[in-house]
Structure formats: structure tokens, C-alpha cells
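Could you put the whole structure together from the sequences, leaning on the hints where they help?
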Amino acid sequence: MPLYTEGEPIADGKAPDGPIARRWEQRRFAARLLSPNNKRKRTVIVVGTGLAGGSAAATLGELGYRVSSFCYQDSPRRAHSIAAQGGINAAKNYAGDGDSVHRLFHDTIKGGDFRARESNVHRLAEISTQIIDQCVAQGVPFAREYGGLLDTRSFGGAQVSRTFYARGQTGQQLLLGAYQALARQIAARTVTMHPRTEMLDLVVIDGRARGVVVRDLVSGKISTHLADAVVLATGGYGNAFYLSTNAKGCNTTAIWRAHRRGALFANPCFTQIHPTCIPVSGEHQSKLTLMSESLRNDGRVWVPQARGDTRPPAQIPEAERDYYLERIYPSFGNLVPRDIASRAAKNVCDEGRGVGPGGRGVYLDFADAIERLGAAAVKAKYGNLFEMYERITNEDPYQVPMRIYPAVHYTMGGLWVDYDLRSTIPGLFVIGEANFSDHGANRLGASALMQGLADGYFVLPSTIGDYLADCPADTVADGHPDAVKAAGEVREHIDRLLSVGGDRTADSFHRELGGILWEHCGMERDAAGLRTAIDQISALRGEFWRDLRVPGTGAELNQSLERAGRVADFLELAELMCVDALHREESCGGHFRAEHQTEDGEALRDDENFDYVAAWEFTGTGNSPVLHREHLQFHEVRPSRRSYQ
Amino acid sequence: MRFTLRIWRQDSRDSDGRLGEYVVDDVLPDMSFLEMLDVLNERLATDGEQPVAFDHDCREGICGMCGMMIDGIAHGPQRETTTCQLYMRHFDEGRPITIEPWRAKPFPVVRDLVVDRSAFDRIIESGGYISAPTGSAPDAHAVQVRKRDADRAFEAAACIGCGACVATCPNGSGMLFTAAKATHLGSLPQGQPERLGRAENMLETHDELGFGGCTNTGECTVVCPVGIPLETIARFNRDVLKASFRDTAAS
Amino acid sequence: MAASGAILLLYVVVHMLSNLKIFISPANIDAYAVWLRRLFDGLLEYEGFVWIVRVVLLAAVLLHATAAYQLARRARAARPVGYQRRPKVQAGYAVRTMRWGGVILAFFVVYHVLDLTTGDVNPHGVHGEVYRNVVASFQRWYIALFYALAACSLGLHIRHGLWSALQSLGAMTAARQRAARLTALGVSIAITAGFLSVPFAVVTGILK
Ligand SMILES: Cc1cc2nc3c(=O)[nH]c(=O)nc-3n(C[C@H](O)[C@H](O)[C@H](O)COP(=O)(O)OP(=O)(O)OC[C@H]3O[C@@H](n4cnc5c(N)ncnc54)[C@H](O)[C@@H]3O)c2cc1C
Ligand code: HEM
Ligand code: HEM
Ligand code: SF4
Ligand code: F3S
Ligand code: FES
Chain Y
1 MPLYTEGEPI ADGKAPDGPI ARRWEQRRFA ARLLSPNNKR KRTVIVVGTG LAGGSAAATL
61 GELGYRVSSF CYQDSPRRAH SIAAQGGINA AKNYAGDGDS VHRLFHDTIK GGDFRARESN
121 VHRLAEISTQ IIDQCVAQGV PFAREYGGLL DTRSFGGAQV SRTFYARGQT GQQLLLGAYQ
181 ALARQIAART VTMHPRTEML DLVVIDGRAR GVVVRDLVSG KISTHLADAV VLATGGYGNA
241 FYLSTNAKGC NTTAIWRAHR RGALFANPCF TQIHPTCIPV SGEHQSKLTL MSESLRNDGR
301 VWVPQARGDT RPPAQIPEAE RDYYLERIYP SFGNLVPRDI ASRAAKNVCD EGRGVGPGGR
361 GVYLDFADAI ERLGAAAVKA KYGNLFEMYE RITNEDPYQV PMRIYPAVHY TMGGLWVDYD
421 LRSTIPGLFV IGEANFSDHG ANRLGASALM QGLADGYFVL PSTIGDYLAD CPADTVADGH
481 PDAVKAAGEV REHIDRLLSV GGDRTADSFH RELGGILWEH CGMERDAAGL RTAIDQISAL
541 RGEFWRDLRV PGTGAELNQS LERAGRVADF LELAELMCVD ALHREESCGG HFRAEHQTED
601 GEALRDDENF DYVAAWEFTG TGNSPVLHRE HLQFHEVRPS RRSYQ
Chain U
1001 MRFTLRIWRQ DSRDSDGRLG EYVVDDVLPD MSFLEMLDVL NERLATDGEQ PVAFDHDCRE
1061 GICGMCGMMI DGIAHGPQRE TTTCQLYMRH FDEGRPITIE PWRAKPFPVV RDLVVDRSAF
1121 DRIIESGGYI SAPTGSAPDA HAVQVRKRDA DRAFEAAACI GCGACVATCP NGSGMLFTAA
1181 KATHLGSLPQ GQPERLGRAE NMLETHDELG FGGCTNTGEC TVVCPVGIPL ETIARFNRDV
1241 LKASFRDTAA S
Chain L
2001 MAASGAILLL YVVVHMLSNL KIFISPANID AYAVWLRRLF DGLLEYEGFV WIVRVVLLAA
2061 VLLHATAAYQ LARRARAARP VGYQRRPKVQ AGYAVRTMRW GGVILAFFVV YHVLDLTTGD
2121 VNPHGVHGEV YRNVVASFQR WYIALFYALA ACSLGLHIRH GLWSALQSLG AMTAARQRAA
2181 RLTALGVSIA ITAGFLSVPF AVVTGILK
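Residue numbers (this note's numbering), protein chains in the order written: chain Y, 1 to 645; chain U, 1001 to 1251; chain L, 2001 to 2208.
Worth flagging that the hints you see were computed from the coordinates, not collected in a lab.
Hints are not guaranteed to be accurate.
[What the hints assert, rightly or not] To spell it out: a stretch of chain U is covered by chain Y in this simulated footprint if at least three of its residues, at any positions, have a beta carbon under 8 Å from a beta carbon of chain Y; those stretches are:
no., stretch
1, 1046-1055
2, 1157-1168
3, 1186-1193
All C-beta atoms, glycine included, are put in the ideal place defined by N, C-alpha and C.
So, in C-alpha cells, the structure goes:
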């Protein structure tokens, strides 16, 4: 069986031509509008209540649509976005250090290693400033200076200070803002909220997305909800790796099910490994904890110069330390983008210079910062992160340097969407981390929050009207045969999971899958490893369906069943990730192929052959997927070798 | 390490519950409390028994999803720590650990240690927001916020909505949560126009939902994982009082 | 709660201070009782003012007890199923004794009125001879002890009650909270000490 087959190329037909700075305005002007009266008749389903979904549902409700919103947590306020620590980018240039929309656009395109669309990224940079205005108006308590103005800091991949933050809890504060806006609409009855409800399939009727099949996680009841359009804002799929910085419940089910129903999946192999996480401490580990990238503003990364040096850090003299990021990348130093910092850490550990148990760690040292700024100032900036570190490791980072190691963090890939954020299934929109749109092969720090809110507050509400104005105004009934069929398939799937009757838990399969992906489709990939992984994953999938054990029934709160369903989908997605990684014979951003590197070990991109988005079509579990290419064009920024030296 | 656990088991909201006893071996001091429960659940599931249901998501102390009474203390013995951030190194092997769900009428048990906290969402819906329609905002620097106010707002805004305050309050009051939300918004200039009405509506909803009244016992702040201070309640009471005078003056 | 509590507190403070007149001389306190009853007698009947005070007090106690009862009922309703294991609450003793302490105080007041106002249970029991009544009563050690205990539980009740009232009315910063705690502690100690001094003086023979 071939790895994949070639399909027709696809193109984004929605971004207008013309000067890049005017495209968004043009598109908004060209989009059809609905009268308030007609909006009231239109229904939209939004799955997910993170920054993307929460802000979208609130804004659509405000505009007058009738919205149904879903999340698997007990409250919309708990979506995984809440965990984002570091900050959100915006081209406000409040620091007066030469920032501009164009510079943010440029940094993001370059940071993404020239694998993102120029029009999308420019729009993102334009909207970034409005996001900050909106959030401040809602009462998001961003950090401020003594004069009462907003404070900013720097993040990896940027030489200006454009990251707005709220201590180490930026995601929480932004999400609470969106959640409160959503609560206001729930009170106004424009939005109906369904917490503890998981989407298990998409309902497609006459080629259009018309609804979702969901399971009430408390009663186990399966039901269908129908609407004029469906928006997926269900976040990323980093949990395919089992260990990641994502919340335990993050899953791929919603987008994978939509993919199975015909939505193309773009760049699944573009995953981001974050350089600063707390290292794994043992087999029992259930998730990894991120230490915000902002720590690299003041912390210095180093390892001993000699291999196997096991002296405590304090006893290693300056001359015998290797501040390798500062050495290799003098102009960006400790603030190089994530993919670069992560791989550098892996390299020094592979050389045997890693520290801590198993040699899988590097130091992030605050001694200089404490001396320069004083312990109090360091505490004011990073206090909560230091406390978290101490709680987990039982070591005091004010005294001993932190130990950090890379971990899976974010997925740039996702469902393919056009400029309007519409997937290849009419009526299905995908926003936030769930789509592939704006970050190319690597996302810059503090840009995911920006994208989620741009999509949810500003882009989707402007573009969805164009679809709704156009789509047939018929209402489909719950009893529509296609809806009934989809619900039946979901029930069958659940029964199948419950009736395997083997003796391994879903978690044990998930852990094994994660091991395979981390080993062969992690920070560095090569053809042989990826082929092995594909075989192993397909074998593991077979074993899953022979040897799974799910206690309990489907008609009750059953967390084992929830997990099993998610793992089943990860087992399918993981294979596609490896196929995508294997087919992309170049290194770019988070995708580093060992075969494609420069002499000094930097990523070697191949713009000639791979300057495209790989959008995959599903053809059945275990069958070769079909590849549709979307060629990228660069008019504003000339692709160059990304250099941070 | 080896621990004896007494865990509340209850199949559904309306069924009766009881404490079940379990022994877990091979616990490492570096395991989190939830990872220790994972170990137990893995074993129960392999044996075909129903694992213990508990809520959790981020496992890094920010989503507010986790929470249980551990030996009668909300979130366990470590101060300013959520259950997911609690590590086994703080427990002593010799003594059995009793684990129960949050108990309050507005937080009915869903299953085992899982409770329904949607009452908190109802409180927010009754006014815990600033009305700022999307796209209508002025430039972020149009309003300056004194650092003191910004810091105070942030301190209150840090509430993760976990419900530990309710679980521990001898009166079953949700006052610390309600006050934290109102104080966050009420400390900022943007939040002034709706401030008094917000306080009044939120308290009214809080009472209607069946939470108890606050008698300033102060236990809530002791278990609050983010250390929301008791002054927050004072501030909120003051707003409620002002609102009642304003209403009297208006009528 | 706060309003009725404040009235009760005000009464208790004034009462405690006037009790101290007993140390000046027997005649002084006896005269004070008469003076009180004659207060505003141009306007009111003899004892008119005292009756007004009594009515206000009774209303305050009723209101106060009703509010306390409602709070307790709400609290019970808010936690229908209790915890299996619940260590002593972290909050202090004063907090935990609020409700029972209040009830005990109410019983004390009933006895106390029968003792020193109406004289029904007083060994001396002569209207207007305040000094002799008091000394006669406290010469029984168990009655003196009973009064002392009442004064202590009143102290505890006021310590938390006053702090709680100050907190409700706006001790909104950490510094003011500390001040409120200290005020409550100071006032409650002063009141307790004031009340304690009389039975103490009788038992030790300073007053006889
Ligand atoms: C630890 C950490 C720190 C980060 N820090 C930063 C940072 O500082 N700056 C930055 O820009 N980015 C950061 N990121 C990335 C950023 O947080 C995420 O990319 C972003 O929040 C994703 O938002 P979202 O709205 O797309 O999805 P999410 O917030 O993940 O929300 C997903 C929603 O979908 C729901 N859902 C999922 N599946 C289903 C289903 N099947 N059925 C029903 N509902 C479902 C969930 O309930 C949830 O409501 C960080 C990420 C992590 C892990
Ligand atoms: C019938 C007997 C009584 C009962 C059941 C009772 C009960 C209570 C209760 C439950 C409170 C609320 C405490 C809190 O906020 O935590 C309270 C407060 C208070 N009580 Fe009493 N009490 C009684 C008698 C008294 C008496 C005789 C006094 C006289 C000094 C008094 C003075 C106060 C004060 C000053 C407060 C504070 C008011 C507030 O909380 O704002 N109480 N009482
Ligand atoms: C321990 C020392 C106390 C002494 C020596 C004392 C003394 C007296 C005396 C002499 C009277 C009668 C006054 C008169 O008839 O003119 C009286 C009345 C009264 N006292 Fe006390 N008292 C004490 C403590 C208390 C306490 C602790 C309380 C309340 C909590 C209290 C509440 C009252 C009340 C309500 C009356 C009745 C007033 C009236 O109706 O006329 N006393 N007390
Ligand atoms: S106030 Fe504290 S204890 Fe209560 S919900 Fe918020 S974070 Fe939890
Ligand atoms: S413990 Fe309860 S009584 Fe008030 S101060 Fe806290 S809510
Ligand atoms: S699991 Fe999120 S706070 Fe504990």
C-alpha cells in the first residue's frame, strides 16, 4: 500500500488580491450581511469554550444569532486556554521600540519558517491591537506600570517588547474575560450552554455541516443538535503524545471526526515542543508542566562543559559552564524561538551533558538576575512560577538553578480552513488551535492567545454571516435520516469500545502511543524511525481493539469510556502525523528531519519542493490518505534561511 | 510508600454513598495526589471494578476543576495548593487518608468525588461581567488604571472557581468566590458603572441558589488555593450596603 | 444582625460602666438606680425611660435571635450531608461558640433579671437596694461563678461579633482588618473585665 496518494491541489479562494494591508477590510466589505431580523432566525453551534470558542459564542450571541455552545468541562471557564501563562502579542508599540503591524506580521511569517499564508498572518497582526482594547474594556487585569499604563515584555523570536501579560496567568485572565462575555449572553438567552457535553461526531446533510452528535457526560445520553452552521474551537491535539503540557482532557475527537466526515487535515506533523518544561520525574508522570517562556527573559540557560559532570551546579565554576544559546545565537541569545531552543537542549543532552536524573535536563539559572535586580524584583515577576516549580520538584529555584527540558506543547497543524476560516465542508468553521491557519511550521510565543481571540472576537463573526446569508434557510429536523444515522454510528462506536472485553486500560495504550510518537515523531525525525512508528501505531491500534477494557456502561458518568474514545481517535491521528512527517522531505520550524540539516545542524528548508500546506483527505482507517497541496506565495516577505545568530 | 485510602463512593446524584477502603502500593513521594489516584484507578479498572470518578483537567493548579476534601481539609493539608499540585511527599504512610467530595446543597454530588458546581456559573451570569460589546472598545491606553487598583483587581481575579471556599465554610457560603469576582471588576475604572448593581444581583443569586450566609468565619481564605484575602468579603459587603442605600434613595 | 447587635453592645457597655459605680459607694449606685428611673419624669411616668430602654432591648434581642436562627437554618440547609471526617475548624473558639454562646447569654439574662431587677430569686431582694441585692447574690460562690462565666462568654461573643460587624462594615484593607481585630479584642476584654470585677470583689470581700 502506498504511503499516500496525490489529489487535486487546493487553494484559498477567499483572500482578496490587492495590497496586503487592505485585504481584510476588502473582505469584510465584500461579505454579505444579515439583517438583525434574519440573524435571530439563524442558529450556530460552537464547540469549545476556550479563547477561540468562548469569544466566538459571546460575539455571535451579541450580534443576535442563536448560539449553542458545548464543552466537556463542568464550566466553560475551565477550557484549556486558562493554563496559558506567558502573554499575548499585539503590535501596539506602547514600548515605543519600533514595533508595528508590519513587524509583527514579518516576525510571525519568519517565525513560522515560511509555511504560513501571508494574508492570514497580516490580518492577525492588524487585529492584534483591537484585541488588547477589547480585553481591557472587559476588565482583564493586565500588568501595569506605576504610571497606570500597560506593561509589556519580550518573548522568543522577537526583538521588541510587545507581549502583554497578567503575571503568569495571562490565559486565565483572558479566558475569564471571554467567559464573562459569554455569561452575559447566556443570561440574555442568546447562547445556550451545554457543559459536560462531548461532541462525538459531525452531522453532514446534503454536503453541509448541519450539526453535531454529543454525549452528555453525566447521564451518558447521546443526542443530536442541529443548526445552520457549526464552529469547531476544540483546541490542539498535543495530547497524542500522552505526556504534554496540555490539560488531561484535551483531545482530537471533534476535529478528527470532522476529518473523517470530509474536512481536510492540514500539516498534522507540525507540532511544537516547548523548551522550558519541568523534566519527567518517572513512569507515573501524567502530564508535564510548562515553565513560562517569559522566564527566558531573565534566566540563563546552561549545561556543564564536560560530559557526565555530576557536580551540583553551585560547584561548577563559570569557566566550566556552557551558556550554549548565548554562544551559538549571540544576537537572540536565550530568546531564540522555541523550536531552536528545544533542539539545542536535546543536542546538549544527547552529547551527555544533560543534568538531573537520566541526564535529560538543562539549567535555567536566575543567579545573575537575582544579583542584578534583587530577589524581590525577581519574585514580583515570576513568583508564582517559582512556587509552582518548587511544589513539583521540591527544589528552591532562588537557591538552585531550575532544571528544564522540552515537552510537547502546541500543534500548528489542524483542520484546513480558508481565509474565512471555513473548512472544506461547507458550513463547518474551525477556529483557534483546532485549525492550521496562522503559524506555519512554528508558532511564536504569545501568538496562540492572539490568534484564538482574533478568530473568535473578530474574524469568524465577520465571515460567518457571508455563509449564513447564502445558505438555504430550511430547518432540518432532529429526525432527519442523516442525523439519526450519525447518532446511531456514535452509539455503535461506544458499544464497540465497551464490548472489547480485554484487559488493558485506555490509559496504558495512550502511554504506549505517546512513547512511540515522542521517540520517532518528536523533536527530530528520520525516515526509518517514522516508518517504524507507522507500523507500531497500526499494530497498537489492532491491539487496542482486541485488548481494551472499559469498565462500567455508557449510560452513566464513565471517565474510562471518555478516555477510551479519545485514545481511539489519537491512534488514528498519530498515523497521519507520521505519514505527513515522512512525506515532508525537509526541515522547517517544529518539523526537523535529521536527513535535512546544514553542516552546523540547522534546519534545511526546501522551498522548491515543499512550500505548500499539506492538506490530507481521509479515505478510511488504515487506508492511504490523499494529499492535496496548497501552494504558498510570498510577496511581502522573501523566504530566507531563518537565522537567529 | 503504601497508603490506605477511605474514599467516598456514590454512583449518582440520588443514590446513597459510603466510604470504601482501598490500599495503594508503590506510591512514590514525587507522585502528585491525583497520580496516586491514577495508580489506584488503573488497578481497579484492570480488575474490572469501577474506578473512582474525580474531576481534573489542567493538573497545574489553574483550571479549578480538581478538588476534594482530604482528611476534612479542602484541597488537603498544604496551604495555597490545589489537589492536583499536592504531592505525596507531604503525607505520612502510617495514617489512612479520608477523601470526600465537596459537600454543599448547591454542589450536588454527581458521582464519587465529582460534584456539580454550575451554581458558580449562575452567579456570574447574574452580573459578574463588564458589558463591553465586541468592537466598541476605546484604545487600551484611553483609561489609565492606578497600579494599586490594577493589583487589587488582579489579586481578586486570580480566583480559579474551585469551590473549596464553599466546601470548607461552616455555613456553606459561597461568599469568598462571589466577593472575589465582584471585587475584581469593581476595582477597575471600567467596572464602576455596573458596580453596585452587580454586587447586589450577585449576592441575591448566591442566596437564592441555597448557599449559606457568611458570618465572617474566615475559614475560606485558609483553604483558598490562590489566597483570596478576607478583605475581599468586606469590600463586597460594603458595595452591597451602598447599593441598598442607593435603592432606598432612588425609591 | 449588625444593627441589633450594636444596640445590645451599646447597652452592655453602658451597663458595665454603671456597674462600676458600685465601687464608689453603696449609696452612689443606689442613687443611680433611682436617678435612672426618674430620668425624664417630667415628660414620662416614673420608670418611663427605663421601660423604653427595656422595650428597645427586648426588640433587639428578638431581632438578633431571629437573625441568628435564620443564619443557622440556612447553614444547615446549605450542607444537608455532613462530612465523615472533619477536624476542628481552623477558625478560633470564639467563632465556634457564637450560636450556643448567644443562647446561653439569653438564659443568663432571664435569670439575671429575676435576680437583680425583680428580686424574685434574690436572697435580699429589696427594690431600690441595688448594692445589698448584688452583694447578697454574689455571696453565694456558685452564683458568682455563674456570673463570671456569663461575663466570659459575653466577651467571646463580642470579640467575634464586633470583629464581624467591623469587617462587614468595611475593614477593607489588610491594615484595617488588623485594626478591627485589635479593637474587637480590646473592647471584649474591657467589657469582660468590667463585669468580672463585681463578683470578684464580692467573693474576695472587697465589697460586703
Ligand atoms: C501550558 C500552556 C501554556 C501556554 N501559554 C501560552 C502563552 O503564554 N501564550 C500563548 O499565546 N499561547 C500559549 N499557549 C497556547 C494556547 O494556550 C492555546 O493554543 C490556546 O489557548 C488554545 O485555545 P483554543 O480556544 O483554541 O482551545 P482550548 O482553550 O484548548 O479550548 C478547547 C475547548 O474545546 C472543548 N472541547 C474539546 N474537545 C471537545 C469535544 N470533543 N466536545 C466538546 N468540547 C470539546 C473544551 O472543553 C474546551 O472548551 C499555552 C499552552 C499551554 C499548554
Ligand atoms: C439570644 C441570644 C443570642 C444569640 C443566639 C446570638 C447569636 C449571634 C450570632 C449568630 C451572631 C452572628 C455572628 C457572626 O457574625 O458570626 C451574633 C452577633 C452579635 N451578637 Fe449576638 N447573640 C445573642 C445575644 C447577644 C447579646 C446578649 C449581645 C449583647 C452584647 C450580642 C451581641 C452581638 C453583637 C455585637 C454581634 C455582632 C453583630 C454582627 O455580626 O454584625 N448578642 N450573635
Ligand atoms: C456580672 C456583673 C453584673 C452585675 C453586677 C449586674 C448588675 C445588674 C443590676 C444591679 C441590675 C438591676 C438594675 C436595676 O434594677 O436598677 C441589672 C439589670 C440588668 N442587667 Fe445586669 N449585671 C451584670 C451583668 C450583666 C450582663 C453580662 C448582662 C447582659 C448580657 C446584663 C444585663 C442586664 C439586663 C438586661 C438588666 C435588666 C434591665 C432592666 O430591665 O431594668 N447584666 N444588672
Ligand atoms: S475564592 Fe478561592 S477557594 Fe473559592 S473558588 Fe475562588 S479560588 Fe477556590
Ligand atoms: S468561611 Fe464562610 S462564613 Fe464567611 S468568611 Fe468564609 S464564607
Ligand atoms: S486540575 Fe486544574 S486546578 Fe487542579
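Hint check:
Look at the stretch 1046-1055 of chain U against chain Y: 7 of its residues bring a Cβ nearer than 8 Å to a Cβ of that chain, three or more, so the hint holds. Beta-carbon proximity to chain Y at under 8 Å applies to 4 residues in the stretch 1157-1168 of chain U; the threshold of 3 is reached and the given coverage holds. Residues of the stretch 1186-1193 of chain U with a Cβ under 8 Å from some Cβ of chain Y number 3, which satisfies the need for three, so the listed coverage holds.
Going through the hint list in order, the structure satisfies each hint without exception.
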